[in-house]
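Colleague: So you can see what is in the structure, the chains are spelled out below.
Number of protein chains: 2
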Amino acid sequence: MSAVTFLTPITEEIKLVEERMRAQAEAAHPDLRAALEHLLKSGGKRIRPTLGLLVGSLFGAPLEKLVTLGAAVELLHTATLVHDDLIDGALLRRGTPTLNARWAPPATVLTGDFLFARAAKLAAETDHLPLMNLFGETLSVIVNGELTQMFTSRGLINRDNYYKRIYAKTASLFEMTARAAVMVSPAGEEASEAMRDFGYQLGMAFQIVDDVLDFTGDQTSVGKPLGSDLHNGLVTLPAIYYAEAHPTDPHILSLPNGGWANNENMVELINQIRASGFARQAMQEASARIDRALTQLEKFEPCAERDALENLAKYFVDRKV
Amino acid sequence: MSAVTFLTPITEEIKLVEERMRAQAEAAHPDLRAALEHLLKSGGKRIRPTLGLLVGSLFGAPLEKLVTLGAAVELLHTATLVHDDLIDGALLRRGTPTLNARWAPPATVLTGDFLFARAAKLAAETDHLPLMNLFGETLSVIVNGELTQMFTSRGLINRDNYYKRIYAKTASLFEMTARAAVMVSPAGEEASEAMRDFGYQLGMAFQIVDDVLDFTGDQTSVGKPLGSDLHNGLVTLPAIYYAEAHPTDPHILSLPNGGWANNENMVELINQIRASGFARQAMQEASARIDRALTQLEKFEPCAERDALENLAKYFVDRKV
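Keeping their order, the protein sequence lines are chains C and E.
Numbering that gives the first Met the number 0 puts the first residue of the first sequence at 0, with every later residue one more than the last.
Numbering that gives the first Met the number 0 puts the first residue of the second sequence at 0, with every later residue one more than the last.
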């Protein structure tokens with residue numbers, strides 16, 4: 000499944016989202032404009048605006064509102080990435096230098112703030128108050144999640160904590176996007192709830208697949224060293240499954256006591272997890288979530304948009320990067 | 000003029016704003032709650048919510064909306080202070096340790112983000128779309144102003160640049176608060192425009208007085224070393240007036256070329272400015288702005304709220320800290 004399959008029906012609409020995002024920097028200081036240009040050029044597959052455009056089109060939402068929503072969601076996402084990369088000291092994202100690799104931290108903090116401001120402004124331009132409320136709430140969930148992760152001891156092996164973390168980090172914004180796209184359409188509560196769950200399941204699956212690819216992915220296309228999460232004390236689903244099956248493994252036992260900082264031991268543990276079936280098991284969990292998302296879709300009449308959403312959902316587990 | 004004069008009519012309402020702000024941390028991580036508690040406890044005179052409450056009451060806006068607006072504005076203001084203090088490496092604000100004096104930069108970045116999120120959520124809860132739009136726009140102006148200041152060479156002596164900077168930094172939020180308070184009232188465009196200018200003039204005066212107090216203030220109550228702006232290469236109104244009158248003063252000539260970094264020369268220049276009448280001249284400019292604000296007030300019938308707003312406006316130039 001290539002990215003093209005789900006993008007084809009909305010290639011033109013995604014261009015409008017890009018234009019809308021770029022227009023946000025118009026009145027800004029030239030250096031800030033340059034920074035935003037850099038961020039937007041290096042910026043991913045626009046999977047969140049795609050989700051919003053497809054869900055909204057399925058329910059007859061006006062294109063203008065979906066473009067505004069898509070730009071708001073993607074700028075919000077970009078803002079959180081800018082601050083995340085600063086906090087993590089990351090120098091590369093998707094193979095391109097991060098903002099903080101080129102700019103001093105103060106300018107990076109403020110650029111993130113500017114993106115938050117423009118995202119909030121765009122959200123307001125959808126002219127839909129419950130959507131604005133949802134937007135503010137989702138941003139709180141994301142930031143609170145990041146802070147909670149920061150205050151949680153590294154090396155923690157806890158599945159419940161894991162699900163909460165990936166919800167805050169990733170699924171909350173997918174959930175919001177799908178729900179908001181229905182909000183600006185004529186469809187009612189039933190569609191909204193179905194699409195909320197659709198977005199939620201997609202988001203959870205997306206992050207689980209990310210975490211699996213950290214173990215199994217092609218290192219060059221993932222763009223990070225293998226097992227980088229574990230090296231940073233972040234115990235994700237494949238490692239949690241492995242820990243549940245091997246509770247007395249000395250490397251596992253060492254994790255909550257700072258053992259994740261021992262590079263040699265972690266390389267061993269990462270190889271053990273790779274050799275085990277637990278990465279595949281985690282992938283199956285992601286697939287099960289996508290299946291559940293698809294049953295939500297089936298509640299609605301078949302059409303081109305539904306097909307595209309089905310392809311989008313399947314891409315979430317088929318992707319290699 | 001004591002702060003009490005203008006606060007008396009709304010002592011109870013300000014308590015509601017405080018409660019509303021504190022409630023924003025309820026679902027947050029305990030450490031984040033503690034940080035917010037610290038920020039709210041050490042937090043100033045609530046002059047922005049006071050402005051919103053008084054203006055809104057003058058035009059019969061519902062209290063609930065004014066409390067929500069006040070909490071949104073004050074949290075937005077607090078968020079910008081948190082990121083500012085981080086960027087400046089400030090360890091004290093209003094005599095109490097800043098967040099970044101106690102927390103690591105990553106937690107400080109995220110706490111600011113959380114405050115932005117809650118401010119946006121509160122703004123959405125006013126149930127008023129043009130207000131939401133104005134809120135997003137104002138946040139963009141503030142952040143763009145900070146970035147512009149960051150990219151502007153220090154030591155720049157330019158009055159136009161100064162006015163633009165203090166508008167973005169301070170006046171834009173006062174302007175927005177007064178305008179938004181009318182928006183949620185039954186009053187029309189005329190009241191909105193009058194109060195927009197009222198808030199604008201108050202905000203410009205507020206910052207000019209701040210900048211004058213940096214030269215003339217009682218060092219212990221201002222809480223910063225005398226002339227700290229100039230020591231940081233920030234040329235404010237008293238120094239600009241002085242420079243316009245003494246264009247060949249060697250210390251003035253040195254400023255755009257980094258002369259502001261020479262501590263001894265700056266102490267001399269600060270003393271020259273203090274001995275000159277230019278701090279008083281800047282204060283007169285602030286007073287003229289307050290007079291203009293008062294003429295806006297006179298367009299409306301006398302009442303307790305109008306009296307309180309008059310007292311508030313006068314306090315802006317009479318304050319010593």
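Calculated directly from the structure, the hints in this document are not laboratory data.
Among the clues, some could well be false.
Which copy is meant is left open, so a pair is good if it fits within one copy or across any two.
Unchecked claim - Computed list of lysine to aspartate or glutamate pairs in EDC-like fashion (alpha-carbon distance at most 20 Å, straight line): (1) 163 to 30; (2) 163 to 25; (3) 168 to 30.
Source: prediction; values computed, not measured.
Colleague: Under the constraints set out in the numbered hints, which ones does this structure not fulfil?
Modeller: Those not satisfied: there are none.
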